[in-house]
Amino acid sequence: MLKHLLSGADLDAATATLILDTAGEMARLAGREVKKLPALRGRTVVNLFYEDSTRTRISFEAAAKRLSADVINFSAKGSSVSKGESLKDTALTLQAMGADAVVIRHPASGAPHTLANWVDGSVLNAGDGTHEHPTQALLDAYTMRSRLGRVAGLSVAVVGDVLHSRVARSNVLLLATLGAKVTLVGPPTLIPVDIGTALAPGTEVSYDLDAVLPTSDVVMMLRVQRERMADSYFPSAREYARRYGLDGPRMRRLPDHAIVMHPGPMNRGMEIAPEVADSPRSTIVEQVTNGVSVRMAVLYLLLGGMNR
Amino acid sequence: MAYPQAALPPPVSPPSVKVILTSAELARVVDRIAHQILEKTQGAAGTVLLGIPTRGAPLAHRLAARINAFEDIDVPVGVLDITLYRDDLRRHAVRAIGPTEVPAEGIDGKRVILVDDVLFSGRTVRAALDALSDIGRPSSVQLAVLVDRGHRELPIRADYVGKNIPTALAESVKVTLAETDGADEVKLIGGAA
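Protein sequence lines correspond, in order, to chains V and P.
According to this note's numbering, the residues represented by the first sequence are 1 to 308, in order.
According to this note's numbering, the residues represented by the second sequence are 1 to 193, in order.
To be clear, the hints were calculated from the coordinates, so they are not data collected in a lab.
Restraint-style ranges between C-beta atoms, simulated for each label pair:
id, chain 1, residue 1, chain 2, residue 2, range
1, V, L92, P, S121, 33 to 43 Å
2, P, G46, V, L92, 52 to 62 Å
3, P, E25, V, K35, 38 to 48 Å
4, V, K3, P, P11, 39 to 49 Å
Computed from a predicted model, the values in this text were never measured in an experiment.
Here a beta-carbon is modelled for each residue, glycine too, at the ideal position from N, C-alpha and C.
Using the sequences and the hints given, assemble the complete structure.
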C-alpha cells in the first residue's frame with residue numbers, strides 16, 4: 001500500500017480496487033447502531049485546511065473519528081499562518097506533535113507533495129489549487145460502481161470548467177486507470193489544449209454537450225465558479241447555462257440507466273437545473289455519504305498497518 | 001563444459017508434516033460438534049452461528065448443515081470479520097477487510113456461537129467479542145473450534161473442541177477445507193522431525 005495519497009496517478013488499478021472494496025465494507029458500518037471501529041485507536045489525524053471547505057473537512061473528520069483516531073482541525077484562518085508562519089514551520093510543528101496523517105487542503109497546486117517531504121506521517125491531498133483531489137475521484141468511482149455495478153467500460157462525460165477543476169483532473173486519471181472512457185465537455189476556453197492526452201491517453205474532448213449525452217453512462221457536472229464570471233471564459237452565465245447546463249430536456253436524452261453526478265456545491269439553474277439535481281438519476285447526496293466511507297478506507301489502508 | 005563447483009549451502013531438512021485429521025476424520029469431528037451443540041443448547045433454538053474468516057465461515061455453514069441434517073432445524077449463519085478489531089494491526093502490513101454478514105434476525109438476545117478453525121493465543125476470539133458488542137447484544141456467546149492447539153495468552157476457552165492438539169510454539173497447525181483450499185485436512189507442520 002502507498003504511504004501518501006497525493007494524486008489520482010498514485011493509484012494503480014489493484015490499489016484503487018482495494019480502496020473501493022474496503023470502502024464497501026466501511027459503508028456497512030453506517031447501518032449499525034455503533035458507528036465506530038477501533039482500527040485507528042491512538043493515531044492522530046490532522047486536518048490542515050488553508051482553504052475553506054466545510055464538506056471535505058467534515059467528511060475527513062467523520063471518517064477519522066469513526067475509526068477512533070484523534071482528530072485535530074487546523075484552519076489557516078485565525079492561526080499562526082495568518083501571522084506569517086510558513087508551510088514548512090507548520091509542518092515541523094505537526095511533526096513535533098506526532099501527527100500520523102496530515103490531510104491538507106491548500107490553494108497552491110503541489111503543496112501536499114512538498115509537505116510529504118517534511119513530515120514522517122502520511123499526507124493526504126484534500127485538494128490543492130487547480131491540481132488534484134484524489135479522494136473525490138475515488139468517491140465518484142465508488143458511486144459509479146455502486147449505482148451501475150462497474151467502472152470499467154463506462155462512458156463518462158465530465159462537463160464544465162475543466163480548466164480550474166481539480167476534481168476533473170483526478171477523475172480523468174483514476175477513471176482511465178479503472179478502464180472507463182472519459183470525454184471532457186465544455187467551452188473551448190475552459191478545456192486546456194491536449195489535457196486529455198497529457199493526463200491519460202484515450203481521453204476525448206468535445207465542445208458539444210448534446211452530441212455526447214446519448215452515449216454517456218455517467219454525466220459529471222462541474223461547478224461553474226461564479227467568482228470567475230467577470231472573466232472572459234464565456235460570454236454570459238445565461239449563454240453558458242444554455243449550451244452546457246444540464247436541464248430536464250437534456251437529461252431525457254441520456255440513456256435510461258445513466259446517472260448524473262456533481263461534486264458540490266451546486267449552482268442550481270446554472271450548470272444543473274433543480275429538476276435534474278432532485279431527480280432519481282442524481283447521485284449528489286449519495287456522493288456525500290460515499291465520501292465518508294471512501295475516506296475511511298483510505299485512512300485505514302494508509303494508517304492501519306505497520307509504520308514504515 | 002564443466003561448471004566450477006559452487007559451495008552448496010548446508011542441507012536444510014524439510015519441516016516435518018504430520019496429518020492430524022484426514023478428510024473423513026474431519027467430517028466426523030464436525031458431526032460430533034454439531035451433536036454437542038444440539039445437546040448443550042437443547043435443540044439449538046435461538047442460536048446463531050458466526051464464522052470467523054477465513055476458515056471459520058465455511059465451518060459454520062457445515063455445522064449448520066449437519067444440525068439441519070440431524071434435527072431438521074435451521075440455524076442462521078453469519079460471518080464476523082474481526083480485522084479492524086485486532087490488537088496487532090500496527091505490527092503488520094495493512095490487512096484487507098473481509099465482509100461481515102449478520103443474519104437478518106440479528107444477534108440481539110440470541111445465543112451466538114463463534115466458529116473458528118484453530119484456537120491459539122485467544123486474541124482472535126477477544127477481537128471477535130469486541131466486534132460482536134458493536135453489532136448487537138447476544139444473550140450469551142459460546143465458542144466452537146476445530147482444533148485447540150494451546151498456548152493461550154488470554155483467559156479464553158472453547159465450549160466445543162473438535163480435537164485438542166498439544167503443540168510446541170515452533171510448530172504450526174494448518175487447516176485446509178474444500179471450500180477455501182480444495183481439500184479437507186489438518187496438518188501439524190514443523191518442530192522436531
